[in-house]
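*Asks:* Read off the chains here:
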Amino acid sequence: MAHDTHIHVRSQAEFEYAKKKRAEEMRGHLATFAIMIFLTLVAFTMVAAGFSAYLIVPIILLLAGIQVILQLYYFMHMSGKGHGMVAFFMFCGMFVAFITVLALVTIVWW
Amino acid sequence: MDINQRYTPQSWPEHPETATMEGKNKFIGFWLLLAAETVTFASLFATYLALKDKGPSGMEFSAAGLFELPLVFAMTMILLTSSLTSVYAMYHMKNHNFKAMQAWLGITVLLGATFLGLEIYEFNHYVHLGFGYTNSAFSSAFYTLVGTHGAHVLFGLSWFIALMLRNAKRGLNMYNAPKFYLASLYWHFIDVVWVFIFTVVYLMGVIG
Amino acid sequence: MSSIAQKKGFGATIWDFMTTVDHKKIAILYLISGGFFFLVGGLEAMLIRVQLATAGNDFLSAGTYNEIITMHGTTMIFLAAMPILLAFMNAIMPLQIGARDVAFPFLNSLGFWLFFFGGIFLNLSWFMGGAPDAGWTNYASLALASEGHGIDFYSLGLTISGFGTLIAGINFLVTIINMRAPGMTYMRMPLFTWTTFVASALILLAFPPLTVGLFFMVFDRMFGASFFAVEMGGNTIIWEHLFWIFGHPEVYILILPAFGIFSEIFAIFSRKRLFGYTALVFATILIGFYGFMVWAHHMFTVGLGPTANAVFALATMIIAVPTGIKIFNWLLTIWGGNISFTTPMIYAVAFIPSFVAGGVTGVMQAIAPLDYQLHDSYFIVAHFHYVIVGGVVLAILAGTHLYWPKMFGTMLSEKLGKWTFWFFFIGFHLTFFIQHFLGLMGMPRRVYTFGADQGWDLFNAISSAGAVLMAIGVIILLVNVVMTSIKNERVGNDPWGDGRTLEWAIASPPPFYNFAQTPLVRGLDTFWIEKMDGNKKGMIYAEPLGDIHMPNGSIIPFVISLGMFIASFGALYFLDGDKPWALAVLIIGLVITFGSMLVRSLKDDLGFHITKAELLEDAKGGNTDGH
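Order-wise, the sequence lines are chains A, B and C. FYI, the numbering for the first sequence is 1 to 110, going by this note's numbering. FYI, the numbering for the second sequence is 1 to 208, going by this note's numbering. FYI, the numbering for the third sequence is 1 to 627, going by this note's numbering.
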């Protein structure tokens with residue numbers, strides 16, 4: 001069961017194609033990284049500039065959310081093939097995470 | 001078939017991390033662990049938010065007065081960059097370029113270690129100000145949340161180093177490719193958590 | 001155990017079990033240790049009922065009584081009910097989906113040993129300065145004030161065994177996702193596999209909050225943190241939330257596998273396909289989801305405010321809907337079936353009214369204003385014993401009879417099984433039904449005695465008498481186990497004659513490599529389909545007979561867990577101040593744990609192959625043990 005993969009040696013064309021695809025993907029990752037750095041800069045700048053908290057908090061939370069989606073879907077390939085169950089359980093985890101945070105910031109009886 | 005079977009870039013499969021049954025199992029199992037970790041960190045964040053700025057009457061510390069953004073900004077940049085370098089490492093893993101992968105992992109480890117050093121410096125700084133672990137509910141919650149993240153960084157570094165050393169002579173094969181892949185997933189997850197820490201703890205802390 | 005295993009020396013057998021990574025042997029380990037803790041918890045229950053048998057009794061002191069109720073609850077939930085269910089999951093689920101083993105055999109063993117050492121650690125508190133005494137919920141306001149090391153035993157012991165359970169949960173999930181036999185689609189999985197899947201998902205997402213809460217407790221009590229210390233700005237409600245965010249899904253972690261076992265029993269002994277299989281599956285998933293949205297109904301009287309109470313009351317009532325769907329599906333499975341009242345079937349039939357009673361009182365408590373009256377009274381005690389005993393324990397007893405032949409290759413006596421049932425069932429209702437009324441009459445739970453003028457004497461005496469009947473039932477079961485083991489009459493693949501799913505298509509007990517050839521699944525109740533088609537070979541197989549790769553056994557899981565066990569003692573005594581050896585013990589324990597992990601990661605462990613020739617030999621000789 002464990003090591004029963006057969007070795008498939010790819011033709012030169014296949015190999016070149018796969019390599020090119022990976023290189024393209026890597027360029028995409030670089031762009032993702034640039035966006036992440038940009039979002040981080042925006043968040044820090046907004047706080048440093050001292051806007052109203054009511055404006056900043058929702059925006060930086062949104063930026064954090066976008067960054068997480070970028071990490072999960074691009075760096076961690078969660079949209080890729082064979083990630084269906086993975087995505088399902090990650091979303092279940094986020095759901096439980098969300099209600100946990102919600103409960104402890106709203107109903108802890110101060 | 002031998003798990004230490006040698007491969008060439010030509011015979012190396014497109015998704016070496018899930019090419020074997022063991023790899024597939026590890027892959028799913030590790031993602032499930034990350035789902036559990038999500039809930040773990042949510043519990044820590046929730047507790048931190050509930051206890052933020054709470055302490056014995058007359059406590060002099062508050063998030064707004066304590067945290068300084070320049071250091072946090074540097075730490076954020078370093079960790080984000082290390083996320084990218086681990087992506088590069090996986091790019092070379094898929095190209096079956098072992099040396100390049102090891103090199104990028106080495107850079108990742110260096111960045112991670114710098115991050116950890118800065119975090120220790122930061123904690124040390126706060127403790128010297130009198131903001132110790134037992135100072136208040138706020139300090140306990142802060143150090144436990146950020147410290148748990150730091151412990152994850154430490155574990156991730158040890159994992160990378162152990163993998164690099166163990167496989168230095170062996171090179172890439174079907175047995176260790178999933179392990180490298182999972183370690184890099186773990187590293188991205190650490191970055192995800194840090195995104196929330198710098199947003200929720202530091203940025204929202206400074207706002208007050 | 002096969003006859004070959006018995007020929008081995010006693011020491012060799014012990015070593016075999018300590019190093020095994022075979023899911024069937026790990027199942028036996030879970031069953032034995034879970035059964036042992038079940039007896040310990042039962043003994044504690046008997047002590048409680050002796051103390052409460054008469055008014056003003058001084059059989060137990062107030063302090064000892066607190067320790068006993070705490071340990072009774074903790075032991076029964078964490079160390080008895082869950083491990084025994086994990087035993088059935090381990091023994092049956094991989095067979096039901098036609099898998100070679102679980103996805104991570106090594107981790108399976110690690111999970112067991114972590115649970116085992118955690119449980120032993122917790123129970124050693126009795127001999128080392130006193131057991132925990134803040135109730136199984138361990139509310140922080142009580143727990144922080146508790147003197148001695150009882151609470152520390154609770155926190156550290158449950159942390160260790162909690163890691164074990166989490167590992168088991170992940171393992172089962174991956175097994176079900178990745179290792180189903182060809183043709184075994186999700187909607188062809190037997191109900192027990194489905195409930196294992198959903199319960200494991202709940203384990204995955206519910207145990208982290210508990211672990212975090214326990215860590216807070218450890219830090220607060222030992223390292224001067226102040227998560228729950230109000231004078232330092234802490235908040236005890238945080239513990240209650242974290243505990244119940246775990247605690248309510250935990251109830252479903254227990255009851256869903258019980259539902260699974262009963263679903264199998266109803267189908268087998270009614271000789272009918274399950275009525276509304278799809279509805280049963282979706283009800284299971286729905287219960288899993290809702291399970292995370294109702295936890296605050298344990299906290300109605302905390303004062304979370306009318307909005308929170310209303311939301312959680314509503315969510316709690318909604319969860320009765322999928323449960324009701326299941327009840328009707330089971331009734332309609334029996335309806336018109338060709339029923340045989342074997343021991344497991346009697347349990348299953350008795351489960352329905354018992355569990356419905358517990359469910360109805362649950363909906364009563366979901367009404368927040370009424371819960372203000374019922375809270376912390378014996379009505380609550382009656383309710384949760386109706387669901388846990390009337391649901392989970394009946395399922396465990398039924399499952400023990402049903403799966404005993406598959407696990408050990410010999411049938412438990414039907415006659416003694418029925419005696420067990422009647423004693424246990426009558427005793428159960430006698431003990432707990434009357435406690436509803438005690439609760440309505442105002443008797444508070446967790447109080448060690450009551451006065452003669454309060455009018456609770458007779459009902460408490462009846463309740464204690466019922467407990468004696470339950471104890472007799474369990475003793476008869478033990479006698480049954482001993483007698484059948486001595487007689488050891490071997491049985492074939494399908495001892496009940498009406499097995500429907502894959503586990504009944506393989507020898508009892510199965511060979512250590514499970515199916516020599518992976519079976520091909522042609523539909524729901526796949527073995528039944530082959531039987532109806534008159535397939536003499538048992539199953540159609542998806543692959544030709546060939547070499548099988550198997551993992552090596554390993555002592556490392558045992559050593560890792562032992563290291564954590566030792567380290568826990570160091571952590572426990574670390575801050576006493578007068579025990580300089582504590583730090584050394586802590587370090588030694590951690591070195592053992594991490595050292596053995598390192599050995600595991602650096603060493604190549606390639607496993608071994610069973611050749612086709614050996615498999616053919618096996619098929620002739622009936623060797624099922626691999627030695």
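A portion of the hints provided could be inaccurate.
To be clear about the criterion: a stretch of chain B counts as covered by chain A if any three or more of its residues have a C-beta under 8 Å from a C-beta of chain A, and this derived list gives those stretches [as the list claims (entries may be wrong)]: (1) 41-47; (2) 87-101; (3) 185-194; (4) 197-205.
Source of the hints: derived by calculation from the structure; they are not laboratory data. C-beta: ideal position from N, C-alpha, C; glycine also.
*Asks:* All hints, please: hold or fail.
*Replies:* Results of checking the hints against the structure:
Coverage of the region 41-47 of chain B by chain A holds [criterion: at least 3 residues with CB-CB distance below 8 Å; count 6]. Beta-carbon proximity to chain A at under 8 Å applies to 5 residues in the region 87-101 of chain B; the threshold of 3 is reached and the given coverage holds. Beta-carbon proximity to chain A at under 8 Å applies to 5 residues in the region 185-194 of chain B; the threshold of 3 is reached and the given coverage holds. Counting residues of the region 197-205 of chain B whose C-beta lies closer than 8 Å to any C-beta of chain A gives 5; at least three are required, and the coverage claim holds.
In terms of the numbered hints stated before, the structure departs from none.
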